[in-house]
Structure formats: structure tokens, C-alpha cells
Amino acid sequence: MRSAERSQPDRCPGVLAVHQAADGGLARVRLPGGMLTAAQLRVLAVASAELGDGNLELTSRGNLQIRALRPGAPKELSDRLYAAGLLPSITHERVRNILASPLSGLDTSSLYDVLPLAVALDQQLCGTPRLAELPGRFLFALDDGRGDLATSGADVAVRMLAADQAALVLAGTDTGVRVAPADAPSTMLRAAEAFLDEREAQHSSAWRLAELENGADAVLAQLRAALQHSPASPSSSLPTGKAVQVGTRLSGNGLVVGVPLGSLSPAQAAALMEAEELRVTPWRSVVMVGAKTPAALVEARLTQAGLVVDPESPWNRVTACAGRPGCGKALADVRADARRVTAMMPARHRPVHWSGCERRCGQPTGDFVDVLAVADGYSVDGSPAATAEQSVMRMR
1 MRSAERSQPD RCPGVLAVHQ AADGGLARVR LPGGMLTAAQ LRVLAVASAE
51 LGDGNLELTS RGNLQIRALR PGAPKELSDR LYAAGLLPSI THERVRNILA
101 SPLSGLDTSS LYDVLPLAVA LDQQLCGTPR LAELPGRFLF ALDDGRGDLA
151 TSGADVAVRM LAADQAALVL AGTDTGVRVA PADAPSTMLR AAEAFLDERE
201 AQHSSAWRLA ELENGADAVL AQLRAALQHS PASPSSSLPT GKAVQVGTRL
251 SGNGLVVGVP LGSLSPAQAA ALMEAEELRV TPWRSVVMVG AKTPAALVEA
301 RLTQAGLVVD PESPWNRVTA CAGRPGCGKA LADVRADARR VTAMMPARHR
351 PVHWSGCERR CGQPTGDFVD VLAVADGYSV DGSPAATAEQ SVMRMR
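Using our numbering, the letters of the sequence shown map in sequence onto residues 1 to 396.
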């Protein structure tokens, strides 16, 4: 079944095509697999301080954003990111949407380290001219077998079943196609090209595979014609794993660090640079790998900077949209309100999402407390609350 046709062009922002928000330009920096070095984070932090509002926003796809860019800043930003290796392709920069299991290769739950596959997928994607036509919202995912990306909403994904086998998943459904890990990137890109073929055949402006009429089936039919072996029977359900938990300690002096409301201040970014390697997760946290100083000292510095290493912190269950002043549609500065009252929230509360308007941008999947800004205060799961503090009382 096909959803409504898109009546507007795809305006998903990038570095070269910034979004003009109420507070200025917004640039989104793609980080395939969420991977980032400390040196690259330093470049981004300095760029935000000199060209934007000074903060770095983590997105639900493991990317970073810079807000409030001044006029003329995007050109300077793109030059800096190119020099840092963060803008390898001008033509494909908005389509480098690649998730990878953030803990891949760091613990025993990883059936296969998929981060090298993410690198290969990105390189092959940027090397295929036609795939620059993909919509900016089209999403790839590489799950190392733990199932943490099972609910990511990826259009094209692979899920490791063993060290030598992966399942191809289209729009969340196992296709029965099994590939060797080394063949995963090329198979995924073949599926993406089949999406473009089918979109053209249907005269569609769809941004996502699920928006095409029988899109997954049509793409699978093309793939099967190209395969040299018969697909296996699809699994009725591949198990869903858990999101990466803040406070998880890993081999190699690694640690999962929470970023309150997904907004990194300059001091917080500097604290994360203690690690040689960083992985931005889709859950607005960061995996630090290879910290250069003792773990206890690193954790103390992170906490002092306002980052989260406690798995029981209420911040691990609170998200918010941009709100005022960044969004012209927002009715409140929801982030400021959330920061003021989160410490008052009951222990082990349901996830809470603060929205500045009815669009509810960035809302999580699953069950959550819906805190919505309205003309005269807030609504909490549909019940009125005049202030942010009263919103917390409604959650008890």
C-alpha cells in the first residue's frame, strides 16, 4: 500500500544545503556509522563556536548538527569539514545516512564487527554516481547481530546472523536473502538502486522504501533476479535488542556517555576528546574508545562537564525537540524547561519527550510521556498543566 505522495521537495539539510531555521542556518554533518576521531570533534566544536551557537546537536541517526550559522558561514564550514575528512563527497553528502551498531567489536554480543563494513558502504555509496539521487531521509543500517538497530526504521539493512552470514532486511522485514559480510555493502547498494528504479517506474516522489506501493517486494524481486543462489526462508521475527545503555564500561577503556537532550556544550565536547575514537549513537549518547587517562579520572571530568555516566540518571529517559528560539513553530523553550525540572522527575519514570508544537519532532518510538507545549502552558498525555513544574507532577 502506498502512502500519500510527497507534495514538497526533499529539504533534508546537509553541510552544503543548510536549513534556514528561526535562529539561523542549520547544518547537518553525516557521520557514517557514527564514527568520529577526537581531532574531528575538535574541528566541529571550534567551527560551532566560531560560526554557530557553540553547541553540537546529536541526532537520532547518529549525526551531528550545528545551529545558528551566521550568513556566509556554510562555505567556511564546508571548507573546514573537507579538510578534516568529514565531507568526502560534495555530490553524495546528504545521502551518507548509515547507522552501525555502536558497540560493534567491543563486547561479546557482537557477532561481527560491522564498522569496517560501514566504511566500505560509505565509500561505495559515494563512488556510485546514480545514488546521489537518493532522498536525504533514505537510511542504511548495519546491525552486528545484537538487534540494537532492529527498530531503527532503516530502508535497507543487514543483520548479522553469524560470523559468516548476514540477513538482508528491507523496510524492517527479513527478505530471506543471506549474504557474506564482505558482500553486504554491494548488496545494500543494489537494493538502493532498485528503490530508485521502482520509484521511477511508479512515477513517485517517495522518500522512503515503505512509501512505495509494494516497494520492498519490488526491490526484492530485482535482487532475486541478480542473485546466484536461492534465498532462504525469511525469519518470522528477528529478535529486537536493546539500545546502548549509558554507563556501560567496555574493553579498551571504553565507556558509553549520555548527552542531556543531545546537546554538547564546548566544555562537554572537550571532555569527550579524552578518547582517541568516538562513536555517536542514535540514542543521543557517545561511545568513548581508548581514553588516554585512567577511567576514574575520565568519569570525574565527564560528570563535572555535565555529561552522564550513571545508568540510573533521569537524563537517560528525557528527550526534546529544538523548541524556541531555534524553531519558529515552537510555543515554548522546551529544552530550558526540561533542564529545570528533570531532577524532580520520579525514579525510573517512563521516557519523556518534550515537544514545542504538534509536530512532535524527534519523538521516540514505543511508550513515552508526551509533554506538549500549548498556548497556555503544557499538555501531559492530553491532560493540561500550566507550567513545566506541574507537568512533572502529572508524571507521578
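Fair warning: there could be bad hints in the mix.
Derived DMTMM-like pairs (lysine to aspartate or glutamate); straight-line CA-CA distance at most 25 Å [said to hold, decoys possible]:
no. : residue 1 : residue 2
1   : K242      : D370
2   : K242      : D197
3   : K75       : D23
4   : K75       : E133
5   : K242      : D217
6   : K292      : D107
7   : K292      : E274
8   : K75       : D10
9   : K242      : D367
10  : K242      : D376
11  : K292      : D164
12  : K242      : D164
13  : K242      : E277
14  : K329      : D376
15  : K292      : D310
16  : K329      : D113
17  : K329      : E389
Worth flagging that the hints you see were computed from the coordinates, not collected in a lab.
Structure-based check of all given hints:
Only pairs whose Cα atoms come within 25 Å are accepted, and K242 paired with D370 is accepted, the gap being roughly 22 Å. Simply put, K242 and D197 have alpha-carbon atoms about 34 Å apart, too far for the 25 Å limit, and the pair is violated. In summary, the hint linking K75 to D23 is supported, as the alpha carbons are separated by about 18 Å, within the 25 Å threshold. A distance of roughly 23 Å separates the Cα atoms of K75 and E133; the hinted pair therefore holds under the 25 Å criterion.
Proximity of K242 to D217 is assessed by CA-CA distance (about 28 Å); at most 25 Å being required, the pair is judged violated. Our distance criterion of 25 Å between C-alpha atoms is met by K292 and D107, whose separation comes to about 20 Å. Restraint check for K292 and E274: satisfied, since their Cα atoms lie roughly 6 Å apart, inside the 25 Å limit. The suggested pairing of K75 with D10 holds, with an alpha-carbon distance near 21 Å, which does not exceed 25 Å.
At most 25 Å may separate the alpha-carbon atoms for a hinted pair to count; K242 and D367 meet this at roughly 14 Å. The hinted pair formed by K242 and D376 fails the criterion: a straight-line CA distance of about 37 Å is larger than 25 Å. With a C-alpha separation of about 34 Å, the suggested pair K292 and D164 falls outside the 25 Å cut-off, and the hint is violated. The suggested pairing of K242 with D164 holds, with an alpha-carbon distance near 23 Å, which does not exceed 25 Å.
About 23 Å separates the Cα atoms of K242 and E277, which keeps this hinted pair within 25 Å; it holds. At roughly 15 Å between alpha-carbon atoms, K329 and D376 fall within 25 Å of each other, so this suggested pair holds. Between K292 and D310 the alpha-carbon distance is near 21 Å, which keeps this suggested pair within the 25 Å criterion. Taking the CA atoms of K329 and D113, the gap is about 42 Å. The hint is violated against a cut of 25 Å.
Annotation: proposed proximity of K329 to E389 holds, straight-line Cα distance about 23 Å (limit 25 Å).
Checked against the numbered hints given earlier, this structure breaks hints 2, 5, 10, 11 and 16; the rest are met.
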